[in-house]
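Asks: This is what each chain is made of:
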Amino acid sequence: GNSVTQMEGPVTLSEEAFLTINCTYTATGYPSLFWYVQYPGEGLQLLLKATKADDKGSNKGFEATYRKETTSFHLEKGSVQVSDSAVYFCALMTAAGNKLTFGGGTRVLVKP
Amino acid sequence: DTAVSQTPKYLVTQMGNDKSIKCEQNLGHDTMYWYKQDSKKFLKIMFSYNNKELIINETVPNRFSPKSPDKAHLNLHINSLELGDSAVYFCASSQDDRSNYGYTFGSGTRLTVV
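Heads up: the protein sequence lines correspond to chains Z and E, in order.
Going by the working numbering, 282 is the number at position 17 of the first sequence; the sequence numbering is gapless.
Going by the working numbering, 269 is the number at position 96 of the second sequence; the sequence numbering is gapless.
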């Protein structure tokens with residue numbers, strides 16, 4: 266079946282540090298890939314997505330590139346802020362499927 | 174206007190009770206979902222409805238019964254609540270069940286069974 270694996274947190278960083286959250290997937294066919302962010306006490310918000318190999322999704326300074334050869338979709342941000350503290354979820358949806366499959370989430374804590 | 178709204182936001186109840194959570198979306202989407210998030214933040218799909226028709230029912234106890242009176246609403250009724258049902262329940266919607274645009278989530282209902 267389809268699955269998403271992401272690095273366990275928490276990831277603790279200082280403000281302006283570089284952030285990477287690793288995400289790899291297993292899926293039949295060619296899935297669409299997503300990153301969602303969940304701020305404390307809130308629901309999930311779509312952060313960015315990529316629908317085919319080599320596509321780069323970007324939003325709010327975050328980027329992720331769809332790497333088919335390594336089945337990965339790592340999330341990066343060059344300079345994090347305290348307001349980026351949240352839980353980040355990698356997810357996939359296959360063309361044949363009809364549901365989002367999520368990774369376990371990675372908690373990020375940015376300290377001033 | 175909230176795109177996907179769930180009520181209540183918090184629900185504390187005793188074991189054995191029956192409770193309902195309501196969800197409404199004003200996005201004109203065809204498909205709605207219920208996800209359960211456990212204490213470790215793991216998200217698992219429970220149900221999905223497309224235009225009022227059930228299309229996903231993941232190994233969920235039959236104490237959980239979704240109901241979709243129209244495509245803008247998907248409610249979740251839970252009978253005989255158990256301690257293990259304590260979690261945050263998220264409603265979501267998407268344009269259709271093959272959407273590559275992602276889902277829009279509600280802000281969640283934190284259910285605590287005591």
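Warning: the hint list may mix true and false statements.
[To be verified] Each pair of labels, with its calculated beta carbon distance range:
(1) Z:A360 x E:D211: 46 to 54 angstroms
(2) Z:E334 x E:K240: 25 to 33 angstroms
(3) Z:G266 x E:D211: 31 to 39 angstroms
(4) Z:R372 x E:K225: 47 to 55 angstroms
(5) E:I228 x Z:G294: 13 to 21 angstroms
(6) Z:F283 x E:N235: 42 to 50 angstroms
It is worth saying that the hints were derived from the structure and are not from the lab.
Each residue gets a CB set at the ideal place from its N, CA and C atoms; glycine is no exception.
Asks: Looking at the structure, which of the earlier hints fail to hold?
Replies: 1, 2, 3, 4
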